[in-house]
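Novice: As a plain string of letters, each chain reads:
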Amino acid sequence: MSAFHQAFAEALAGDTDALATWVEAPDRPSVAVYRNTIASALIEALEAAFPAVAAALGSDNFHQVAAAFARDHYPAHPMLHDYGGGFADWLAGQDALSEMDWLPDLARLDYLRLSVLNAADTAATPAEGFASLSPEALSHARARLIPSARLIRFDTTLLSVWEALLAGEGEGLERRPEPETLLVRRVGEGVEVRRLAPDVAAFFSVCAEGGTLAEAAEAALTCEPTTDLTALFSHVLGLSCLHLSTERDLL
Amino acid sequence: MTIGAGLGLKPQHYAEATGDRRPGLWFEVHPENYMVEGGPRLAALERVRAEHPLSLHGVGLSLGGPDPLDPAHLKRFRALIDRFAPFAVSEHLAWSRFEGHSVPDLLPVLRTSSELQRIAERIDATQTALGRALLIENPSHYLNLRGHDYDETDFLSELVRRTGCGLLVDLNNVFVSARNIGIDPLIWLHAIPAQAVGEIHLAGHSEDPVRGAQLLIDSHDRPVDAGVWALLDVALDLWGPRPVLIERDGEVPAYVELIAERERAQSVLQRERVAA
Numbered sequence: 032m033s034a035f036h037q038a039f040a041e042a043l044a045g046d047t048d049a050l051a052t053w054v055e056a057p058d059r060p061s062v063a064v065y066r067n068t069i070a071s072a073l074i075e076a077l078e079a080a081f082p083a084v085a086a087a088l089g090s091d092n093f094h095q096v097a098a099a100f101a102r103d104h105y106p107a108h109p110m111l112h113d114y115g116g117g118f119a120d121w122l123a124g125q126d127a128l129s130e131m132d133w134l135p136d137l138a139r140l141d142y143l144r145l146s147v148l149n150a151a152d153t154a155a156t157p158a159e160g161f162a163s164l165s166p167e168a169l170s171h172a173r174a175r176l177i178p179s180a181r182l183i184r185f186d187t188t189l190l191s192v193w194e195a196l197l198a199g200e201g202e203g204l205e206r207r208p209e210p211e212t213l214l215v216r217r218v219g220e221g222v223e224v225r226r227l228a229p230d231v232a233a234f235f236s237v238c239a240e241g242g243t244l245a246e247a248a249e250a251a252l253t254c255e256p257t258t259d260l261t262a263l264f265s266h267v268l269g270l271s272c273l274h275l276s277t278e279r280d281l282l
Numbered sequence: 151m152t153i154g155a156g157l158g159l160k161p162q163h164y165a166e167a168t169g170d171r172r173p174g175l176w177f178e179v180h181p182e183n184y185m186v187e188g189g190p191r192l193a194a195l196e197r198v199r200a201e202h203p204l205s206l207h208g209v210g211l212s213l214g215g216p217d218p219l220d221p222a223h224l225k226r227f228r229a230l231i232d233r234f235a236p237f238a239v240s241e242h243l244a245w246s247r248f249e250g251h252s253v254p255d256l257l258p259v260l261r262t263s264s265e266l267q268r269i270a271e272r273i274d275a276t277q278t279a280l281g282r283a284l285l286i287e288n289p290s291h292y293l294n295l296r297g298h299d300y301d302e303t304d305f306l307s308e309l310v311r312r313t314g315c316g317l318l319v320d321l322n323n324v325f326v327s328a329r330n331i332g333i334d335p336l337i338w339l340h341a342i343p344a345q346a347v348g349e350i351h352l353a354g355h356s357e358d359p360v361r362g363a364q365l366l367i368d369s370h371d372r373p374v375d376a377g378v379w380a381l382l383d384v385a386l387d388l389w390g391p392r393p394v395l396i397e398r399d400g401e402v403p404a405y406v407e408l409i410a411e412r413e414r415a416q417s418v419l420q421r422e423r424v425a426a
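Sequences listed follow chains A and B, in order.
Take 32 as the starting number for the first sequence in my numbering and just add one per residue.
Take 151 as the starting number for the second sequence in my numbering and just add one per residue.
Hints listed in this document are in silico derivations from the structure and should not be mistaken for laboratory results.
Hints are supplied without guarantee of correctness; some may be wrong.
What the hints assert, rightly or not - Derived CB-CB ranges, DEER-like:
1) B/Pro359 with A/Ser191: 40 to 48 Å
2) A/Ala151 with B/Phe237: 21 to 29 Å
3) A/Asp120 with B/Val384: 50 to 58 Å
4) B/Phe237 with A/Gly221: 29 to 37 Å
5) B/Pro221 with A/Asp186: 35 to 43 Å
6) B/Gln162 with A/Ala151: 22 to 30 Å
7) A/Glu223 with B/Phe237: 31 to 39 Å
8) B/Asn183 with A/Asp120: 22 to 30 Å
9) A/His171 with B/Pro173: 56 to 64 Å
10) B/Pro343 with A/Gly124: 49 to 57 Å
11) B/Pro359 with A/Gln125: 26 to 34 Å
12) A/Ser276 with B/Gly314: 44 to 52 Å
13) A/Asp120 with B/Glu249: 15 to 23 Å
To be verified - Sample of chain B residues with no beta-carbon within 10 Å of chain A, all distances over it, derived:
14) Thr168
15) Pro203
16) Phe237
17) Ser263
18) Leu266
19) Asp274
20) Gln277
21) Thr303
22) Arg312
23) Gly362
24) Arg392
25) Val406
By construction, the Cβ of each residue, glycine as well, lies at the ideal position given by its N, Cα and C atoms.
Isolated chain A, as found in the complex (with noise of 0.2 Å):
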């Protein structure tokens, strides 16, 4: 890095003088500018892409947030839509947050909806692709979920938190002690979050970690034994979000 380029990145910092070979000393405060639009442009990419956050938080207390998140987080690549990678993560690290626990849960589903609404377009397979198959060749097929859908599990309940505080709402705001996982997919120009079944969860957990259908099947009988594999499969298959891969595929 040349010396300018150097002492810039220093002014940026807070070290205005660095600049002083470069920039008389009344001129200097106006490396804030630079400064100033930097931390808004990042202060507002966090607040669109962490909604229920800013939502929880109230707008002020948000932007101190995301100006301190800002500082020592500059962007990996210059596209904005998808800053905040590691805000989830450095949420949970901070001390003067730390009545609000649930800061990071709420920073990991806003940040999935992001993902899941920028995601690869792959469609999933109909459901006569699936029925197509032989009973034998579906029971070794894997179907991995596509790209727009995903799979968020948390220790306790989080949805009805996130969902009350996209609406402005202040009720609901109680976390219960049961796990829960939320299917968030892209559903034509948005994104739906709906909260799972166990069965469904366990299914659908087998199929994005590359299991067959057979062991996603044996997983949600094992999760709930009266389960009828009948009607969770055509539930499944409703949801349109698994892409089939075939044996023949995968050679």
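Please build the complex by placing chain B on the supplied structure of chain A, with the hints as guidance.
Specialist: Here is chain B on its own, set in the frame of chain A:
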């Protein structure tokens, strides 16, 4: 189709932009906002592009920066060019990437002989990677830097001569810089090689909250200033008709309000002029 006056495309205006058939209308986007795998954003741009000419105006190549050019970013940029076939592709005489990170701003370059050579090589490499000639935009200036070997217009002219690039002249940036660092905007415009100008930008600016009118900010959050409109007349007298763009990034108004500003630019473009 004749390229007249255009608008910076905002997501809230996708539907109205797609359906607006007025002659000469075109749109411009930052490619960085469309470097996604899929989804509604790209689909909306496809719909707009099906009806209108499009320009890609980069903000992330960091042509004047210390880090090597990012091959992954160039590849993403090239993919958008191949997909959307823009009539113009532009970037800034600025930098925004250092130590492996990017910042959302356009930092000033030191216009020395060595930087001229280095930036020309980077523009050349970028044009090769993108398969297109670039238009290079003059940024706004907030600091009166010491140590330049070249005036900005001479530096830009040399880049044109050495790389075959064109120029995107942002008249709001000229206006803002004139106020902030004391250049003469008319001398600046006269020193630009007319044949190199491929596009003109217009935008609004604001006063610094602390220093007021002594320091103008290229904020893009209000209508184009009267002084910038006056520069457009001068520029078109000098260079003849060129694609003109209205940029708005903050306090974005309804489409109907923005298109009214675009109509003013279109009427200025259509005014009869004596050849310079």
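Novice: State for each hint whether it applies.
Specialist: Now the hints, each set against the structure:
no. : hint                               : in the structure
1   : B/Pro359 with A/Ser191: 40 to 48 Å : holds (41 Å)
2   : A/Ala151 with B/Phe237: 21 to 29 Å : holds (28 Å)
3   : A/Asp120 with B/Val384: 50 to 58 Å : holds (53 Å)
4   : B/Phe237 with A/Gly221: 29 to 37 Å : holds (32 Å)
5   : B/Pro221 with A/Asp186: 35 to 43 Å : holds (41 Å)
6   : B/Gln162 with A/Ala151: 22 to 30 Å : holds (25 Å)
7   : A/Glu223 with B/Phe237: 31 to 39 Å : holds (38 Å)
8   : B/Asn183 with A/Asp120: 22 to 30 Å : holds (26 Å)
9   : A/His171 with B/Pro173: 56 to 64 Å : holds (60 Å)
10  : B/Pro343 with A/Gly124: 49 to 57 Å : holds (54 Å)
11  : B/Pro359 with A/Gln125: 26 to 34 Å : holds (29 Å)
12  : A/Ser276 with B/Gly314: 44 to 52 Å : holds (48 Å)
13  : A/Asp120 with B/Glu249: 15 to 23 Å : holds (21 Å)
14  : Thr168                             : holds (14 Å)
15  : Pro203                             : holds (24 Å)
16  : Phe237                             : holds (23 Å)
17  : Ser263                             : holds (13 Å)
18  : Leu266                             : holds (13 Å)
19  : Asp274                             : holds (20 Å)
20  : Gln277                             : holds (19 Å)
21  : Thr303                             : holds (20 Å)
22  : Arg312                             : holds (20 Å)
23  : Gly362                             : holds (13 Å)
24  : Arg392                             : holds (27 Å)
25  : Val406                             : holds (23 Å)
Hint compliance for this structure: no hint is broken.
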